[in-house]
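Protein chains: 2
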Amino acid sequence: MAILVTGGAGFLGARLVAALVDPASGAPRDARIVSIDLAPCPVDHPRVTSHVVSLPDPGLDELVTDDVRVVFHLAAVVSGQAEAEFDLGLQVNVDGTRRLLEACRHRARSPRFVFASTIAVYGGVLPPLVPDDWIVAPESSYGAGKLIAETLVVEYTRRRFVDGIVCRLPTVAIRPGRPNSAVSSFVSGIVREPLAGIDAVLPVPPDTRIWLCSPTTAVRNLVHAATVPAGALGRRPVVNLPGLSVTAAEMLDSLERLAGTEVRSRVRHEPDPRIMAIVRTWPGAFETERPLHLGFTVDADIDAVIREYMDTARQAASS
Amino acid sequence: MAILVTGGAGFLGARLVAALVDPASGAPRDARIVSIDLAPCPVDHPRVTSHVVSLPDPGLDELVTDDVRVVFHLAAVVSGQAEAEFDLGLQVNVDGTRRLLEACRHRARSPRFVFASTIAVYGGVLPPLVPDDWIVAPESSYGAGKLIAETLVVEYTRRRFVDGIVCRLPTVAIRPGRPNSAVSSFVSGIVREPLAGIDAVLPVPPDTRIWLCSPTTAVRNLVHAATVPAGALGRRPVVNLPGLSVTAAEMLDSLERLAGTEVRSRVRHEPDPRIMAIVRTWPGAFETERPLHLGFTVDADIDAVIREYMDTARQAASS
Numbered sequence: 015m016a017i018l019v020t021g022g023a024g025f026l027g028a029r030l031v032a033a034l035v036d037p038a039s040g041a042p043r044d045a046r047i048v049s050i051d052l053a054p055c056p057v058d059h060p061r062v063t064s065h066v067v068s069l070p071d072p073g074l075d076e077l078v079t080d081d082v083r084v085v086f087h088l089a090a091v092v093s094g095q096a097e098a099e100f101d102l103g104l105q106v107n108v109d110g111t112r113r114l115l116e117a118c119r120h121r122a123r124s125p126r127f128v129f130a131s132t133i134a135v136y137g138g139v140l141p142p143l144v145p146d147d148w149i150v151a152p153e154s155s156y157g158a159g160k161l162i163a164e165t166l167v168v169e170y171t172r173r174r175f176v177d178g179i180v181c182r183l184p185t186v187a188i189r190p191g192r193p194n195s196a197v198s199s200f201v202s203g204i205v206r207e208p209l210a211g212i213d214a215v216l217p218v219p220p221d222t223r224i225w226l227c228s229p230t231t232a233v234r235n236l237v238h239a240a241t242v243p244a245g246a247l248g249r250r251p252v253v254n255l256p257g258l259s260v261t262a263a264e265m266l267d268s269l270e271r272l273a274g275t276e277v278r279s280r281v282r283h284e285p286d287p288r289i290m291a292i293v294r295t296w297p298g299a300f301e302t303e304r305p306l307h308l309g310f311t312v313d314a315d316i317d318a319v320i321r322e323y324m325d326t327a328r329q330a331a332s333s
Numbered sequence: 015m016a017i018l019v020t021g022g023a024g025f026l027g028a029r030l031v032a033a034l035v036d037p038a039s040g041a042p043r044d045a046r047i048v049s050i051d052l053a054p055c056p057v058d059h060p061r062v063t064s065h066v067v068s069l070p071d072p073g074l075d076e077l078v079t080d081d082v083r084v085v086f087h088l089a090a091v092v093s094g095q096a097e098a099e100f101d102l103g104l105q106v107n108v109d110g111t112r113r114l115l116e117a118c119r120h121r122a123r124s125p126r127f128v129f130a131s132t133i134a135v136y137g138g139v140l141p142p143l144v145p146d147d148w149i150v151a152p153e154s155s156y157g158a159g160k161l162i163a164e165t166l167v168v169e170y171t172r173r174r175f176v177d178g179i180v181c182r183l184p185t186v187a188i189r190p191g192r193p194n195s196a197v198s199s200f201v202s203g204i205v206r207e208p209l210a211g212i213d214a215v216l217p218v219p220p221d222t223r224i225w226l227c228s229p230t231t232a233v234r235n236l237v238h239a240a241t242v243p244a245g246a247l248g249r250r251p252v253v254n255l256p257g258l259s260v261t262a263a264e265m266l267d268s269l270e271r272l273a274g275t276e277v278r279s280r281v282r283h284e285p286d287p288r289i290m291a292i293v294r295t296w297p298g299a300f301e302t303e304r305p306l307h308l309g310f311t312v313d314a315d316i317d318a319v320i321r322e323y324m325d326t327a328r329q330a331a332s333s
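Note that the protein sequences, when read in sequence, are chains A and B. Each number in the numbering used here corresponds to the 1-based position in the first sequence with 14 added. Each number in the numbering used here corresponds to the 1-based position in the second sequence with 14 added.
Rather than coming from a laboratory, the hints here were simulated on the basis of the structure. Among the hints, a few may not be true.
[Claimed, not checked] What follows is a list of derived Cβ distance ranges for each label pair:
| no. | chain 1 | residue 1 | chain 2 | residue 2 | range |
| --- | --- | --- | --- | --- | --- |
| 1 | B | S39 | A | G309 | 53 to 61 Å |
| 2 | A | P193 | B | D221 | 54 to 62 Å |
| 3 | A | T241 | B | D147 | 56 to 64 Å |
| 4 | B | G309 | A | R288 | 56 to 64 Å |
| 5 | B | L102 | A | D317 | 51 to 59 Å |
| 6 | A | G40 | B | D147 | 33 to 41 Å |
| 7 | B | D109 | A | D81 | 25 to 33 Å |
| 8 | A | H307 | B | E270 | 46 to 54 Å |
The structure presented is a predicted model; accordingly, all values stated were derived computationally and were not measured. Glycine residues also receive a C-beta, built at the ideal position from the N, C-alpha and C atoms.
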């Protein structure tokens, strides 16, 4: 059997591939893991093969073989880039997803299709705690493209072309490396940069509420999504993955508790209207009863999230 | 200037074209009306030109000229056919809409884009009176395709590529002619057929609630949609057009009042699980405060709707 991971070279995708070949993850021990991305998957393992192919490319079709049991569809043009490059956003986030669904549809057995979506499908005036059945009304090209892709996944599932589940991920932080073109990039930046001795900018008001989960929790929940029985999802296989609801100020307080006043002082507040315009349309907290009941998990608190990053960064520095 | 009507040969499209060349409608008196459909528009008028072209066809692009001020996008694969011919449904209802939006995007001036959508974008467990901001969760390929197209229209509007408005039409009845492959075809059939002396079948329980408007009201509301200022729509240019909420039994009672017991007795109840499965996911009544405030109108009552049809049928028979 095979498991496909699109975006397998990305931040989350590479961690997911690494988890899938880790016996502790509970993933099948004999599965081939096929990474599809614009770059090779960095995980070096005999069960991992890596294909460098863009998403709406016809070459995709032959990678979806009859023995594919699970597709993790993570590849996407992220929020900032989708806003700047409208056509590319639709090509990858919409046409790419449709191409992948079509390839799955024509297999002997419908694979489980885990689609990584986003809370950016929400917009408009939102209540402080967003109910599970709140209307989606994206106010970004990224959110619109993801909502269209979600609608395709749900419809292909209803038609039994795939066995789909849509997982709307919280903002995943803290991410190592450089800032990316996601509008939410600052959420990692305001912790990562000061810890590395670099000044950082908070571009939104300190009381901006962020719906967040750690990379470890995100990967664990994606792996879990592959195993949730379709029957448990009811008529709507869409799940807002659980998260922590924290303000930017609470993140900085946590940073100060764990790393000291000097580190925190490297973050200055400098409002950026372009980023605020998009982030303010994202929900700050969701009801979590249904996803927790379905077995998805949540980080303990913001200190645990930041501590996880500090440990990872320390290991990376010493290796 | 020009006004485009896709589906201009269809039931509603042809009536819309006829209204647009009628000085009483308030439409501009000098506008060229361009019909786009798989068949020629039946309206014979010097200002009407008719193009026979399928919707995702590249030939569409050159029909969207710089002087197009309004696009009425009515052409669609209807519910029964979209369920039976999945690929065709997506090609026309999704790809066709996107092609049309793209053609409009690259014009010198963004046209008003009136998109005829449907209450079939709703599904799941619905309250008796559906609020304006209720979640959409289609449970048919038709509804899914229309929701994707809606999302495109709203996003193209947010990006200012078009000046869009999404009008979710109630079931439009009573339609003359033959049954079509819309799942809602019976709503017209249970009135039209017995009036013509033909036996008809009610395929859903008599207490099934239908959200309905007459052809005259539907056309009047579409014409009005072209004039509603974008500013009045707020951040979400989507409108559930107002309708009457009537049960199938109430329709038959009205038929009996207007045409007698014998006519009514030609309708027999014969449940059809395929039709019930789709119709039961459609809402029976909506809040109408916002659309009425925006100037959209509603029929007086079900007797008025059936009487309108009887008058039209009588005129057609005597001409």
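For the hint 54 to 62 Å, verify it against the beta carbon of P193 of chain A and that of D221 of chain B. With a Cβ separation near 59 Å, P193 of chain A and D221 of chain B satisfy 54 to 62 Å, so the hint holds.
Lying within 25 to 33 Å: is that true of the beta-carbon distance D109 of chain B to D81 of chain A? Because 31 Å falls inside the window, the suggested range holds.
Between L102 of chain B and D317 of chain A, is the Cβ distance one that fits in 51 to 59 Å? This hint holds: roughly 55 Å between Cβ atoms.
Should the hint that T241 of chain A and D147 of chain B are 56 to 64 Å apart at their CB atoms be regarded as holding? With a Cβ separation near 34 Å, T241 of chain A and D147 of chain B fall outside 56 to 64 Å, so the hint is violated.
Starting from the range 56 to 64 Å, see whether the pair G309 of chain B and R288 of chain A falls in it by beta-carbon distance. violated (35 Å)
With 46 to 54 Å as the target window, see if H307 of chain A and E270 of chain B comply at their CB atoms. holds (50 Å)
Does 53 to 61 Å hold as the CB distance between S39 of chain B and G309 of chain A, or does it fail? holds (58 Å)
Taking the Cβ atom of G40 of chain A and the Cβ atom of D147 of chain B, is their distance within the range 33 to 41 Å? holds (40 Å)
Checked against the numbered hints listed earlier, the structure breaks hints 3, 4; every other hint is satisfied.
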